[in-house]
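Participant: Each chain, written out:
Protein chains: 2
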Amino acid sequence: MALIVQKYGGTSVANADRIRNLASRVGRFKKKGHQIVVVVSAMSGETNRLIALAHEVTPTPDPRELDVIISTGEQVTIGLTCLALHELGFKAKSYTGSQVRILTDESHGKARIIDIDGHNMQKDLDDGYVVVVAGFQGCDAKGNITTLGRGGSDTTGVALAAALKADECQIYTDVDGVYTTDPRVVPEARRLDRITFEEMLELASQGSKVLQTRSVEFAGKHKVKLRVLSSFQEVGEGTLITFEEDSKDDNMEEPLISGIAFNRDEAKVTILGVPDTPGIAYQVLGPVADANIDVDMIIQNQGADGTTDITFTVHKNEMNKALEILRNKVQPLIHAREIKGDDNIAKISVVGVGMRSHVGVASQMFRTLSEEGINIQMISTSEIKIAVVIEEKYMELAVRTLHQAFELEET
Amino acid sequence: MALIVQKYGGTSVANADRIRNLASRVGRFKKKGHQIVVVVSAMSGETNRLIALAHEVTPTPDPRELDVIISTGEQVTIGLTCLALHELGFKAKSYTGSQVRILTDESHGKARIIDIDGHNMQKDLDDGYVVVVAGFQGCDAKGNITTLGRGGSDTTGVALAAALKADECQIYTDVDGVYTTDPRVVPEARRLDRITFEEMLELASQGSKVLQTRSVEFAGKHKVKLRVLSSFQEVGEGTLITFEEDSKDDNMEEPLISGIAFNRDEAKVTILGVPDTPGIAYQVLGPVADANIDVDMIIQNQGADGTTDITFTVHKNEMNKALEILRNKVQPLIHAREIKGDDNIAKISVVGVGMRSHVGVASQMFRTLSEEGINIQMISTSEIKIAVVIEEKYMELAVRTLHQAFELEET
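These protein sequence lines map, in sequence, to chains Z and A. Following this note's numbering, the numbering of the first sequence begins with 1 at its first residue and continues without gaps. Following this note's numbering, the numbering of the second sequence begins with 1001 at its first residue and continues without gaps.
Bound conformation, chain Z alone (with noise of 0.2 Å):
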């Protein structure tokens, strides 16, 4: 007998047919013995419906209220699924997040768990209830409803099963699993058994859709055993995230790579010859960071003749907003000899925690592109990370010839 926590996404609580299913799923695990944890998101596009709503009143809604509003779309959802559960003949009892009392800070709209008390839980639990979570929600200590913002069900499912002390975590999503690159991309993209946390934070902060960043890093300081499955498929042991230690155990020869993943929402911005003096990163970038734009990569270059070039990607929508701010905040003071931008970019990252102990990944992974006669325009690295910034239309190409090159295909 285990205790398993069960997420469930938007997509898998869409419509009545969808929750029957999920509790024929929950069901199973039940009749096998084992105590069940269901969390569970709004249905799918009830969210964006309330915002929506909200709108229609305000252009910029109080967060409190706001919080209020679109935590309903996941206590609805509880409840259905718990009506779905007594259908089957199963004793199922539903909690928000201020019943559980998941207690959280007080920042609306992006709250971070402080506390979950899992007594009246774990009570449920040996009383042979299945337990029915509503995912992205909480409560701060004044018992004002919060929200986690947008993939807080992962982070809910991973912070109950750290204070349940769950044997595993389950993520049901509309993939089997993680892959070694996106599949729409590369045919023939292999599910993989098993990766560590390091490599799927890597995976995940790189583009990787399947489990949000947040949810990995919490699971991986609370040491919470976490897997992703589909809801859409009867059986598969989905990709088990391990921790490095216990992968040891059983894989003699690490792979040398895990994974592939690539992001073409990034642009690119350059600021060349600039006087290379102490603290000019800072002028650059403090600026950047008050208007609130997050920076990815961080490039600077050392020119010959005392200046310098310093490059960083930020997102799409805001590489606008950042040109303006360079030329008119920041280029007064620095006197840069150019500033540019350029959207038309893509970002690879080859991850692996295997290319700690081998040479020559990256040597493979550059020679692999210049071989397709692909440009690389930036490179950063990381311990088990390797990223390279291209030509947005060369993106397909470089993904497809570089799983090929680390052999990652299905065998």
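No lab work stands behind these hints, which were simulated from the structure alone. Treat the hints with care, as some may be off.
Claimed, not checked - Here are the simulated lysine-lysine pairs, BS3-like style, with alpha carbons at most 27 Å apart:
hint: 1; chain 1: Z; residue 1: 225; chain 2: Z; residue 2: 110
hint: 2; chain 1: Z; residue 1: 340; chain 2: Z; residue 2: 329
hint: 3; chain 1: Z; residue 1: 142; chain 2: A; residue 2: 1091
hint: 4; chain 1: A; residue 1: 1123; chain 2: Z; residue 2: 142
hint: 5; chain 1: A; residue 1: 1142; chain 2: Z; residue 2: 142
hint: 6; chain 1: A; residue 1: 1123; chain 2: Z; residue 2: 91
hint: 7; chain 1: Z; residue 1: 110; chain 2: A; residue 2: 1091
hint: 8; chain 1: Z; residue 1: 91; chain 2: A; residue 2: 1110
hint: 9; chain 1: A; residue 1: 1142; chain 2: Z; residue 2: 123
hint: 10; chain 1: A; residue 1: 1142; chain 2: Z; residue 2: 165
hint: 11; chain 1: Z; residue 1: 142; chain 2: A; residue 2: 1340
In this text, all values refer to a predicted model and were calculated from it rather than measured experimentally.
Add chain A to chain Z, keeping to what the hints say.
Facilitator: Quick look at chain A alone, frame taken from chain Z:
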């Protein structure tokens, strides 16, 4: 400066425009220096939509989970109402039933209010906030979400007014007050400036749809000053529902009759020729009550031959069920001569505290109906009410003629 509780029904919050109107009205009271608590229902149609959603999953939804689902209707409205008030520059804060802590018993779907904690609301009012509370809902001692049943938002309004010792509880509806009778039947019907609680209770339970019986009872018990107003008219004093003592102060001569209510939703069930022995009424009506059929009027007449006749009224939808029970379960025991049903009836009630001190109201009523050739099938009286059952097709004629006979028209 007064503390006023204002309750708005589903049609008053049906869309963003109506909610903005509501906010403007609340704002005008606020600007006059009043402290305002707003109680809102779900947007019209929303509760039915949510119930339908539950029924898509199961024909017999568990009451606890159904409450979790349908209570979201009012939760959305409180958020939207606060947003509309913010948009006009007012401070406003929403409360769900659980957040106020409107403590109820555990009867999901028809919970009764036990206690209200007014502490936080009073603090917010003193800090200049408009407090916006979800009607129709509360929570039990264990924190389970409960609902008060249809029309429960009126009760929430009255209960909050009692807990906060408000100066007045204003119920905004789609009519501009309580009328001598339904203006759709009698165009000359007159709005009453004031009416006593007892009269309002009789009118409410006799088919007048303006206020829910239960909220009137609650207001009477806790001496809450209640006023019915139109949410679609800018001016108007509506109808004040008073305690008899107050109303006597400024009405030297009481009107004989305050209003005429009618109801065509009932059907009549008659058991003829029952042995007239003690306990016979219970033998007949016990099984009907056991089947959860609500009985309204009950009349028993002694016959000359040692037998008696019993007649009672039930909702039209339940007549056949009642007949079936009588024929299958009761008849074998009591051997009645005949059991028959008639759903072709209407009930008309003449209500007025004045009839206590004036003889002749009943005889005037009977004479008026007789002059129109309308046969009276049943009569039932209370201290301030005379109700008769007649053939349904005469209902409108009877109401119009009585309205004229008792001189209730607009003058």
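Participant: Check the hint pairing residue 1142(A) with residue 123(Z) against an upper bound of 27 Å on the C-alpha distance.
Facilitator: Distance ~14 Å between residue 1142(A) and residue 123(Z) Cα, so the pair holds.
Participant: Residue 1142(A) and residue 165(Z) were given as a pair; does the straight-line alpha-carbon distance stay at or below 27 Å?
Facilitator: OK: residue 1142(A) and residue 165(Z) at ~25 Å, within 27 Å.
Participant: Residue 142(Z) and residue 1340(A): Cα distance at most 27 Å?
Facilitator: violated, 61 Å
Participant: Holds or violated: residue 1123(A) and residue 142(Z), Cα atoms, limit 27 Å.
Facilitator: holds, 14 Å
Participant: Is the Cα-Cα distance between residue 1123(A) and residue 91(Z) 27 Å or less?
Facilitator: The given pair, whose Cα atoms are some 41 Å apart, is violated under the 27 Å limit.
Participant: Next pair to validate is residue 142(Z) with residue 1091(A); report whether the Cα-Cα distance is within 27 Å.
Facilitator: holds, 18 Å
Participant: Next pair to validate is residue 1142(A) with residue 142(Z); report whether the Cα-Cα distance is within 27 Å.
Facilitator: With Cα atoms ~18 Å apart, residue 1142(A) and residue 142(Z) stay inside 27 Å; holds.
Participant: Regarding the pair residue 110(Z) and residue 1091(A), is the alpha-carbon distance no greater than 27 Å?
Facilitator: holds, 23 Å
Participant: Quick one, are residue 225(Z) and residue 110(Z) close enough, alpha carbons at most 27 Å?
Facilitator: Within the cut-off at roughly 24 Å; holds.
Participant: For residue 340(Z) and residue 329(Z), compute the direct alpha-carbon distance and say whether it is at most 27 Å.
Facilitator: Holds, because 15 Å separates the two Cα atoms, which is no more than 27 Å.
Participant: Is residue 91(Z) within 27 Å of residue 1110(A), Cα to Cα?
Facilitator: holds, 23 Å
Of the numbered hints stated above, those contradicted by the structure are hints 6, 11, listed in ascending order.
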